[in-house]
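Chemist: The sequence shown maps to residues 171 to 607 in my numbering.
Note that these hints are calculated values from the structure, not bench results.
A few of these clues could be false.
[To be verified] Using C-beta positions, here's what the derived DEER-type ranges look like:
{"#": "1", "residue 1": "G261", "residue 2": "K353", "range": "54 to 60 Å"}
{"#": "2", "residue 1": "N372", "residue 2": "I527", "range": "55 to 61 Å"}
{"#": "3", "residue 1": "G500", "residue 2": "R396", "range": "28 to 34 Å"}
{"#": "4", "residue 1": "S525", "residue 2": "T447", "range": "28 to 34 Å"}
Quantities reported herein were computed from a predicted structural model and do not represent experimental measurements.
All residues carry an ideal CB built from backbone N, CA and C; glycine is no exception.
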Amino acid sequence: MSENRLTGGSGDFHILSRRNLRIGFCLILLLFFSVTGPAMGQMTTGLDQRTLGETPSTYLNQMPPQGLERPVDPSIYQVVPGDIYALCLWGLVDTVLTVAVSPEGKMIIPSVGMIDLRGLTLEEASEKVAESVHQVLPSTETSLNLLQLGTFRVEITGLVSRPGGYPATGVQRVQDIINQAGKIFPGGSYRRVQISQNGWVNELDLVQWVLYGDINNNPTLTPGTRIHIPARGPSFRLRGPFSGGLEPLLSGRESTNPVDRLGSPPQISLEWKEGDTVNEAIHRAGGLTPEALHESVYLWRGTESEEGTRILEPVALINVESSRMLLHPGDLIDIPYREEWIAVTGAVYRPGRYSFIAGWTAEDYVNLAGGPSSVGKRTGWSLMREGKEKRFDAQEDLLAPGDILRVPETRTHKLTVLLSTASTAVALLISVVALSK
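Assemble the whole structure, with the sequences as input and the hints as a guide.
Modeler: If you want it as structure tokens, here you go:
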């Protein structure tokens, strides 16, 4: 870049290039207009204010607050109808014009004419405006600065609460319009959102945006954008002690079945997409709780039996911390609990799983389960430990995590049931014989 040099009595002084000086002058003009108002804008050039239009301060005072993620990137932002710009001119005439983009996507500059900016980025528009001005005023340089964002209409259809058209700006994203349209219906997809933009149709996975911040799956909007929420695709399930995660909260779509530890473990159904792995699925479900046994996670996969029915069979015993095994539609990830419980089964009033308490005996746990029922034995209980039956003293021996305690029925009850069944059969036989005579 060229540099001017001045010589004075105290030595040489370096000054900024002419272009930097002019840019600084343009910024000073913007600040000057915002403080002094429209009247002073006329004094800058002596031109009729009706020719120039209103000064930038007028529009700055009218601008609604814009929630920007970051400063607008001129190489990305697309010029839209309704945009308001400050056009700085310096050379033979030093001034600032406030210009708008018409509904046709064109900008009108006094003494220069009409410039078509449709489909251009802010950076491309700045270059085109500079070329157009330079053709009329060769010694004049320009700077185009965005003051106010224009709005346009974005259509959203499909399985959302309030489909229709919504106003948007070029700094908003797909998720913003979905939020305006209400939640996605339970049958709608969050992983196959269809977006039509600039003549192209793409598929977005908003789970990648919500969980990982992938902005490629939540792009900014442009005029003509259309969003469609299709039906939900295939799914897979997780069963066991997981934390819940963010994905079930995205749209109320995912179904969970939280139940007490004493009953069936909770389940969650997540939408499947090609490339999903076991550890990614666990992450989407919020990760595992401390109760989970990470080292022994079963993956069940559906197969067709000889009878033509679909059955689930275990296909892998994996360590969830390192598993990148790909999932298939219909898979079940079964996460076991750490064996910090005692199971009480059989003829008790409240059978189920109970938290392990160090120092407790079999009698303590049977009493916790309500005691033997009216047909349960008071003695002669059985104990399974690590898959094997173990002899024990119900009042003395301490139980270990994972033990399964069973209270059998009394022999009298079994005999009563057997005799009752036999007597019923005999009565039916006598009735049949009597009717046949």
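Chemist: A separate judgement is required for each hint: does it hold in the structure or not?
Modeler: Hint check results:
{"no.": "1", "hint": "G261 with K353: 54 to 60 Å", "in the structure": "holds, 56 Å"}
{"no.": "2", "hint": "N372 with I527: 55 to 61 Å", "in the structure": "holds, 56 Å"}
{"no.": "3", "hint": "G500 with R396: 28 to 34 Å", "in the structure": "holds, 32 Å"}
{"no.": "4", "hint": "S525 with T447: 28 to 34 Å", "in the structure": "holds, 33 Å"}
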